[in-house]
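**Q** If you want the building blocks of each chain, they are given just below.
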Amino acid sequence: MADKGGATPATYSPSPTTGRKKPPLLKEDWIRPDGRGFHQCRPALLDMHRFLSDSKCSRIDGALLIGGSAKRHLGPVSTRITSGVHGSVQPDIDFFRTGAVNAASGSAYAEIGNTKVIVSVFGPRESKKAMIYSDIGRLNCNVSFTTFATPVRGQGSDHKEYSTMLHKALEGAIILETFPKTTVDVFALVLESSGSHTSRCLGFGKRSQLEIMLCEALLLIDSMFLCNVPLQEVIASDNISECVSGDLPVVISCASLALADAGIMMYDLVASVSVSCFSKNLVIDPILEEENCQDGSLMITCMPSRYEITQLTVTGEWSTPKINEGMQLCLDACAKLAKIMRSCLKEAASDSQE
Amino acid sequence: MGGLSLGEKHFIQGGIAQDLRCDGRKRLAYRPIYVETGVIPQANGSARVRMGATDVIASVKAELGKPSLLQPDKGKVSIYIDCSSTAEPAFEGRGGDELATELSVALQRCLLGGKSGAGAGIDLSSLIVVEGKICWDLYIDGLVVSSDGNLLDALGASIKAALSNTGIPRVQVAAGTANDEQPEVDVSDEEFLQFDTSGVPVIVTLTKVGRHYIVDATSEEESQMSSAVSISVNRQGHICGITKRGGAALDPSIILDMISVAKHVSEQVINKLDSEIASAEAQEES
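Protein chains in written order, with full-length UniProt numbering: chain A, 1 to 354; chain B, 1 to 286.
The reader is advised that the hints may include incorrect statements.
No more than 20 Å apart at the CA atoms, straight line, and that leaves these computed lysine to any residue pairs for SDA-like [stated by the list, open to error]:
1) A/Lys322 / B/Ser260
2) B/Lys133 / B/Val171
3) A/Lys160 / B/Glu98
4) A/Lys346 / A/Met266
5) A/Lys322 / B/Asp257
6) B/Lys9 / A/Asp135
7) A/Lys160 / B/Gly247
8) B/Lys9 / B/Lys26
9) A/Lys280 / A/Thr320
10) A/Lys160 / B/Gly93
11) A/Lys160 / B/Thr101
12) A/Lys336 / B/Asp251
13) A/Lys128 / A/His167
14) A/Lys322 / B/Arg235
15) A/Lys322 / B/Gly237
16) A/Lys160 / B/Val105
17) A/Lys322 / B/His238
18) A/Lys336 / A/Arg306
19) A/Lys336 / B/Pro252
20) A/Lys160 / B/Phe91
21) B/Lys263 / B/Arg235
22) B/Lys61 / B/Asp82
23) B/Lys76 / B/Gly132
24) B/Lys61 / B/Arg170
25) A/Lys160 / B/Asp97
26) A/Lys160 / B/Ser78
27) A/Lys322 / B/Asp251
It should be emphasised that the hints constitute simulated quantities derived from the structure, not laboratory data. Here the structure is a predicted model, which means the values were calculated and not measured.
Taking the hints into account, I'd like the entire structure generated from these sequences.
**A** In structure tokens:
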């Protein structure tokens with residue numbers, strides 16, 4: 001653009017905004033939409049079992065899933081662990097058992113808050129002929145969403161970004177040398193994405209209080225009421241690449257559990273937790289409406305027993321002390337999550353022996 | 001890169017361990033950066049950045065669009081990277097897609113900041129023309145012309161240079177349109193407004209080879225890496241994004257150490273890049 005040299009190099013300054021003010025800073029007595037403490041994770045439910053031929057597996061009722069409610073029992077409840085990672089009052093969440101993947105070498109189901117994920121692991125199987133020889137094993141990861149995982153009916157397609165993230169998070173933990181020339185497939189399916197229900201409830205109840213803290217989520221509702229725009233359109237118009245990153249930690253943790261169930265050799269279980277940053281506050285394990293107004297987010301996947309980080313992503317603006325604090329918070333939570341995962345594995349193992 | 005012999009691998013690793021790399025650099029030294037601006041006349045802004053044999057082009061195109069309903073007071077920015085097969089035969093067809101997506105995601109994470117806009121290199125609210133009706137959509141396209149390692153840092157630098165080269169036409173909004181109508185606009189082709197790019201962070205990638213880490217790795221050095229951490233730092237020394245590549249796990253203390261090293265290195269890179277951009281702009285005008 002050589003011709004613009006003649007113009008005065010004015011700075012492209014923000015146009016004066018009319019009406020909408022910047023949301024006020026979060027107050028000290030801020031309450032999270034689901035009533036958790038800042039440093040408290042959502043309650044975790046993990047299930048993992050070998051799909052033995054004699055196991056009493058029940059089918060997932062499609063209608064139930066489309067309704068998105070897990071408030072009913074379906075089939076016998078198997079290993080069931082309900083515990084918040086920071087261990088305080090837990091709402092009792094019902095839980096059902098999947099039998100959809102009889103053929104898998106290992107599988108796991110996790111339910112953390114509203115996020116529900118199934119991961120099945122296949123293999124090790126022979127790598128495709130076209131692949132060049134490799135003396136270490138290959139890991140093939142795929143994350144997909146069901147069409148009913150999100151409030152708006154989605155495409156149900158594969159999620160490329162999550163798939164690569166899952167791959168990167170796991171490959172450092174798996175001892176690939178133990179299955180040369182072969183491939184292990186890790187397929188994750190997100191049945192329900194987090195925050196999809198609570199966002200609807202926001203319009204009612206403690207709105208005045210919520211107004212202070214949930215700028216964006218309320219803007220969404222406001223805009224729906226004022227402009228009569230259907231929810232579908234509101235969300236469809238938003239950037240497609242924006243997805244709930246609160247799901248990814250659940251997918252990763254669940255996948256490592258499924259790998260352990262399949263008997264794939266690993267250095268350690270992989271646990272993953274994210275934190276959101278809101279001006280001065282750090283909030284662990286954020287849900288959708290919190291993510292929509294966060295200043296930054298940090299996700300860590302780590303091997304707690306070895307105290308090593310396999311994957312780390314940070315967005316937004318962070319000062320160094322803040323990053324320190326966030327990382328420490330995540331690592332502590334990961335250690336506690338791993339404990340829950342470990343006890344889930346133990347319980348499943350003792351169940352199958354009986 | 002599979003074409004390295006055992007001896008060459010040892011040579012690279014040994015050199016890094018002794019703080020003397022194959023091209024004579026120290027571990028924390030960058031290759032010289034060359035910046036050219038205004039290389040694509042069709043775009044609103046463009047830049048070409050070369051670091052050794054790595055050669056990338058970034059272009060910025062601005063189009064008028066409609067803001068999203070969720071954020072009526074913000075414009076939109078998207079970053080896409082294309083890995084041309086001229087750079088490497090492996091990029092032919094769909095071969096470059098995986099790398100291209102990885103780079104695009106990393107750049108979006110490092111340059112566009114959090115959801116609320118904190119730490120963003122580009123102030124999205126400055127892209128608004130009429131709130132809720134018209135905004136500028138910025139399309140940032142990166143092209144990898146030649147690849148010799150450290151693509152992310154080079155692309156980050158080229159986007160920064162392209163943004164400072166970008167002129168957005170001044171827009172006159174016709175007054176007196178009813179509230180629910182799309183207002184008429186008059187896009188000026190003479191007057192341009194420039195971006196304030198002082199907030200755009202630079203990306204510093206630290207590649208871990210053996211027990212040490214290096215900046216600005218060449219592709220030979222990258223083939224020996226166990227993992228790499230890309231940290232974007234702005235002028236204030238704040239971290240604007242981190243991505244990790246490579247499978248090997250890292251100790252948390254090493255990551256914190258990398259962050260402080262990246263902050264230190266970024267100061268020099270920002271100054272170097274700014275002076276290169278300024279001289280490139282001066283050259284273009286003369």
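**Q** Next step is simple, just say for each hint if it's right about the structure.
**A** For each hint, the structure was consulted:
A hinted pair counts as satisfied when its Cα atoms are at most 20 Å apart, and A/Lys322 with B/Ser260 qualifies at roughly 13 Å. This hinted pair checks out: B/Lys133 and B/Val171 have alpha carbons roughly 13 Å apart, not beyond 20 Å. Proposed proximity of A/Lys160 and B/Glu98 is supported: the alpha carbons are some 9 Å apart, at most 20 Å. A C-alpha spacing of about 16 Å is found between A/Lys346 and A/Met266, which places the hinted pair at or below 20 Å, so the restraint holds.
As the CA atoms of A/Lys322 and B/Asp257 are separated by approximately 14 Å, the hinted pair is consistent with the 20 Å bound. With a C-alpha separation of about 19 Å, the suggested pair B/Lys9 and A/Asp135 falls inside the 20 Å cut-off, and the hint holds. With a C-alpha separation of about 18 Å, the suggested pair A/Lys160 and B/Gly247 falls inside the 20 Å cut-off, and the hint holds. For the suggested pair B/Lys9 and B/Lys26, the alpha carbons sit about 18 Å apart, so the restraint of at most 20 Å is met.
Between A/Lys280 and A/Thr320, the direct Cα distance comes to roughly 13 Å. Compliance with the 20 Å bound is thereby established for this hinted pair. For the proposed pair A/Lys160 and B/Gly93, the alpha carbon gap of about 18 Å is at most 20 Å, so the pair holds. Annotation: proposed proximity of A/Lys160 to B/Thr101 holds, straight-line Cα distance about 9 Å (limit 20 Å). Taking the CA atoms of A/Lys336 and B/Asp251, the gap is about 18 Å. The hint holds against a cut of 20 Å.
Restraint check for A/Lys128 and A/His167: satisfied, since their Cα atoms lie roughly 18 Å apart, inside the 20 Å limit. Restraint check: the Cα-Cα separation between A/Lys322 and B/Arg235 comes to about 17 Å, which is no more than 20 Å; the hinted pair holds. For a cut-off of 20 Å, the pair hint linking A/Lys322 to B/Gly237 stands: about 13 Å separates their Cα positions. The suggested pairing of A/Lys160 with B/Val105 holds, with an alpha-carbon distance near 11 Å, which does not exceed 20 Å.
With a CA separation close to 10 Å, the supplied pair A/Lys322 and B/His238 stays within the 20 Å bound. Of the pairs offered as hints, the one joining A/Lys336 and A/Arg306 holds, with about 14 Å between alpha carbons and a cut-off of 20 Å not exceeded. Between the alpha carbons of A/Lys336 and B/Pro252 the distance comes to roughly 17 Å, so the proposed pair stays at or under 20 Å and holds. About 18 Å separates the Cα atoms of A/Lys160 and B/Phe91, which keeps this hinted pair within 20 Å; it holds.
Only pairs whose Cα atoms come within 20 Å are accepted, and B/Lys263 paired with B/Arg235 is accepted, the gap being roughly 9 Å. Our distance criterion of 20 Å between C-alpha atoms is met by B/Lys61 and B/Asp82, whose separation comes to about 15 Å. Straight-line distance between C-alpha atoms of B/Lys76 and B/Gly132 comes to about 12 Å, which keeps the hinted pair within the 20 Å bound. As the CA atoms of B/Lys61 and B/Arg170 are separated by approximately 15 Å, the hinted pair is consistent with the 20 Å bound.
This hinted pair checks out: A/Lys160 and B/Asp97 have alpha carbons roughly 11 Å apart, not beyond 20 Å. Between A/Lys160 and B/Ser78, the direct Cα distance comes to roughly 17 Å. Compliance with the 20 Å bound is thereby established for this hinted pair. Pair hint A/Lys322 plus B/Asp251 holds up; C-alpha atoms about 18 Å apart against a cutoff of 20 Å.
When the structure is compared with the earlier hints, no violation turns up for any of them.
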